[in-house]
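Enquirer: So the chains spell out like this:
Protein chains: 4
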Amino acid sequence: MNPTCDVQGRRIDAGFKLSRVGVTGVKKQIRIKRSAKDNGINGVLTCDIDVFVDLPAVQKGSHLSRNLEVIAEIVDESVRSPTDGIENLAAEICSKLLSRHDYAHTADVSITADYFRSAVTPNGRDTVESYGLIGEASCVRGRPIRKTLGITVVGMTACPCAQETVVGITGYGGNIPAMSHNQRNVCTLMLSMDEGVEVEADDLIDLVEKSFSSPTFELLKRDDEAAVVMNAHSNPKFVEDVVRDVLRRLVEGYPDLPDDIGVLVSSESEESIHKHNAFAERYATLGELRS
Amino acid sequence: MNPTCDVQGRRIDAGFKLSRVGVTGVKKQIRIKRSAKDNGINGVLTCDIDVFVDLPAVQKGSHLSRNLEVIAEIVDESVRSPTDGIENLAAEICSKLLSRHDYAHTADVSITADYFRSAVTPNGRDTVESYGLIGEASCVRGRPIRKTLGITVVGMTACPCAQETVVGITGYGGNIPAMSHNQRNVCTLMLSMDEGVEVEADDLIDLVEKSFSSPTFELLKRDDEAAVVMNAHSNPKFVEDVVRDVLRRLVEGYPDLPDDIGVLVSSESEESIHKHNAFAERYATLGELRS
Amino acid sequence: MNPTCDVQGRRIDAGFKLSRVGVTGVKKQIRIKRSAKDNGINGVLTCDIDVFVDLPAVQKGSHLSRNLEVIAEIVDESVRSPTDGIENLAAEICSKLLSRHDYAHTADVSITADYFRSAVTPNGRDTVESYGLIGEASCVRGRPIRKTLGITVVGMTACPCAQETVVGITGYGGNIPAMSHNQRNVCTLMLSMDEGVEVEADDLIDLVEKSFSSPTFELLKRDDEAAVVMNAHSNPKFVEDVVRDVLRRLVEGYPDLPDDIGVLVSSESEESIHKHNAFAERYATLGELRS
Amino acid sequence: MNPTCDVQGRRIDAGFKLSRVGVTGVKKQIRIKRSAKDNGINGVLTCDIDVFVDLPAVQKGSHLSRNLEVIAEIVDESVRSPTDGIENLAAEICSKLLSRHDYAHTADVSITADYFRSAVTPNGRDTVESYGLIGEASCVRGRPIRKTLGITVVGMTACPCAQETVVGITGYGGNIPAMSHNQRNVCTLMLSMDEGVEVEADDLIDLVEKSFSSPTFELLKRDDEAAVVMNAHSNPKFVEDVVRDVLRRLVEGYPDLPDDIGVLVSSESEESIHKHNAFAERYATLGELRS
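Residue numbers (my numbering), protein chains in the order written: chain A, 1 to 291; chain B, 1 to 291; chain C, 1 to 291; chain D, 1 to 291.
If you are wondering where the hints come from, they were derived from the structure by calculation, not from laboratory data.
Predicted, not measured: the structure shown is a model, and the values here were computed from it.
Hints are supplied without guarantee of correctness; some may be wrong.
Chain copies aren't distinguished; within one or between two, either way the pair holds.
List time: in silico EDC-like cross-link candidates among lysine to aspartate or glutamate, alpha-carbon distance up to 16 Å [claimed, not checked]:
1. K275 to E209
2. K17 to D6
3. K210 to E92
4. K221 to E69
5. K27 to D223
6. K27 to D114
7. K275 to D114
8. K33 to E198
9. K275 to E200
10. K27 to D76
11. K27 to D102
12. K210 to E252
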């Protein structure tokens, strides 16, 4: 008798197909390509990884250790030869999951990481800002992999309604925009696309940062702080406005992307005047947004 | 000039429709009906509530304060006359959102809460156990509301594979099941249904608790602890087994529920032998599960 | 042989004394006294409870199930006869822990809960606001119990520095305060005292809400929103100012409290212009604050 | 008039001294020294940083942007010349905070990061495991800096009490240890020391991993999984035992460390048989532990 018999591979009767079986919360460091101007450490990401395959009704269990083997191999490759994007890493894992789990028909991968970039304040000072990266991939055996690149950016919104109401109530006629409530806003942009399509995360971050009332900065001296405040109050925006501005810039800035790109944009404001948040979201294909 | 003009209601050109606009993280206490045997406080839930409606392309903003008015009204009603389920409360809010936002075509509501029930240990001692409740509702104007009742239950799984491998390697032939690794498991069961259909959260909790290797208890004296451990090792289960057992009990226990009920079952084990979790999930209609 | 021998109570050699042994994350519903004007459900709290006792060097383990028995008994009592404060509940648990663990010399208890109160907006509308409650107690056998009452309040701060800088740079001379950045602020106030001393959580919440640039509200119609914004900009405050205003109100408002009251006040702003938070804190005795 | 006058530096009357004023949640990537065998990316840490200084009663505010300047400078240095430990990075920041805030008398710094190391399973397979690193430093002007190195390790505990009770109830006499409940355990070890003292984080991780019932691994094939399970059941441990074993190894393994080292060891088990956790902790000086 083989002392380590394959319990997972056992045939069962009257089972149910399972949509997704896998592991969650696997932590790994990976290396991604960065442009020459960046110092070396910017290309190292600390990732949280979830991977899944489906399971046929007749098989007792999924071989979970194979998932960890696949992740380890792909991550090792990324250390020797940096991957050109977290979503492409997800796609590579996805593809290898299907070849390792021969009983599976679908595979899903999700990766998140903190990301850092150099930035410049309104008055020209250097800072480093942090962002969130999301890479996802899913595939059905025999069909092309679909991958998703997502970014999470923290910025600032100033409320246009409170600003107008303050003006209406007070008859304010000053030389600068009136006060309003303003707050931290988290904007997420996710693009789903076929494996061959390439979009730069840095370009998406730039696009989103322009869509807030103002981007925010880690290090602001006094004149920079005033510039951010005045910039935000000159561009008051609801969460709805942030989402729509991202959508508009996406349609205008990516005329060559195919119509079947899936788009999700959300904007959540940690309202300074409330204990709850304000939220807006649009999901659509790029084709729908263009029409 | 009206000092508080309606900025949100303003017409805009070249806008984009938004899928969901609303508020997240609204905290409220509500009252739900409980059976006579429970003491009064068990029917009071502390809830986290998210609500959304869609927004047409031609309108600048959604009137977010109306969402809070709707929530406050429904919650006040629940205090005077307890609602008969968190999912029905969600449905009521959903319906009222559409009547208050006359420009909206869809509404979505999500509520989560901790929930408490009396329980009895294997050897007959009384305890109180905690669970998670989820109530959701969504609707398209002019069509029936679709609501979702969900529960989250913490239980225990013992691994069948490690148990067999230990036996295989050691040639174990003891009078009781062999050792294995076992761990905390979180199982979620969600049922989506038309507004008129009623399912009891307590019944779903019972169903899920039977599907673990063993349920867990807040208070265990020594003999009860041993009973839980032996029970779990006599019923070793993968995360896949937990999901499938819930599915089987659901199909067998609810023959009268319509085929179009949406079912989602997930099981996540905080693996004692790994730093990551094991996860299994099935989403399907009840009709698909029956076929 | 007793089949359930006392492993925990076993004598050991060369052990180390342990400072705290116990259980964390116990969820319970308790009932506290509320004033007559409140509806019944406001007095029901969903609590997270941690309890600990110390352990002598010569004993192998602490009897953890006794902790759950003590919690269950005290909670049951609170349902029959509501406790007059979360910190007094903690003190009762603390006292009972020492009587149940006869080998222990110290006991520590910590309880947190969401809390809800009626409030009125600047223009007189009714709302319900949510807060955090903290109740702690610790004791050394043979000495009086020391208990802690804490509250967590979400409010709003507007930055005085950015406001002055905007004025300085623009030469602003409008009839209303200039714009500034403003954001959600979380202020925590904790008072440690002997068991006999009584302080009302509601009074502490009132005190803290007056110390923000403005309190915040769940439900604000347009004129109320403008009032909150103008109020905040007329009372610009650093996190330092919030802490100091709470300290000042505490010293002035509680002349009869003993000097040995321990005070901790912190204020954390989720800066709208940064991705990080600003934080200020003072810990001292009331006697030190008075001198 | 200077358009950016120093609001923070303003003198105030009747103020209160503040214990800590600063910033929290600053995210940064830093580089630390690693041994030659590691690939380059292991030395890059993604950190969360909190920094504080105190504030005299007569000064309105702390100059928060200086904190970000200090962090940025130290982090830049670490990229050019890797620091030899997260606690030493904290000490450098601490020192620089005091020189930049000339009105401050104390400074406090806290840094946390995920950390990765190569490991080998019981049967000799290579894996990479993740850990938590904690670096802290605090100082009073004119006195030596005190720094803290901490690690967080996830391992496994099997319960000795349930194991003995199972044997007692069943009369089990098998050739291998009896079943028990086992679960994920998080053990934290923190050492506070003068700036000149050096302790290796890797040595502390080794020490803690030996103190669980078994260490855990990301990737286990079937025979390795059985080895971990059998290892754990041959070394059943309460949370109390884990803490005491860490203390014993610390006293035995570091005879040359000074008596004034501050030690904190905690062990928290995510109990598989309960919905709550079990917890044990000891804080003491190394001198006290030795006596």
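Enquirer: Each hint needs a verdict: does it hold in this structure or not?
Expert: Each hint tested on the structure:
1. K275 to E209: Between copies only: 13 Å across chains, 25 Å inside a chain, cut-off 16 Å.
2. K17 to D6: Answer is neither: 19 Å inside a copy and 46 Å across each miss the 16 Å cutoff.
3. K210 to E92: neither (32 Å within a copy, 36 Å between copies)
4. K221 to E69: For K221 and E69, the Cα distance is within 16 Å only across copies (10 Å; inside one copy 48 Å).
5. K27 to D223: Cα proximity of K27 and D223: none, with 41 Å in one copy and 23 Å across.
6. K27 to D114: both (12 Å within a copy, 9 Å between copies)
7. K275 to D114: Answer is between: at 13 Å across copies they meet the 16 Å cutoff, but 27 Å inside does not.
8. K33 to E198: within (14 Å within a copy, 35 Å between copies)
9. K275 to E200: Answer is neither; intra-copy 36 Å and inter-copy 23 Å both fail.
10. K27 to D76: within (14 Å within a copy, 26 Å between copies)
11. K27 to D102: Classified as neither: same-chain Cα gap 25 Å, cross-chain 41 Å, threshold 16 Å.
12. K210 to E252: within (14 Å within a copy, 48 Å between copies)
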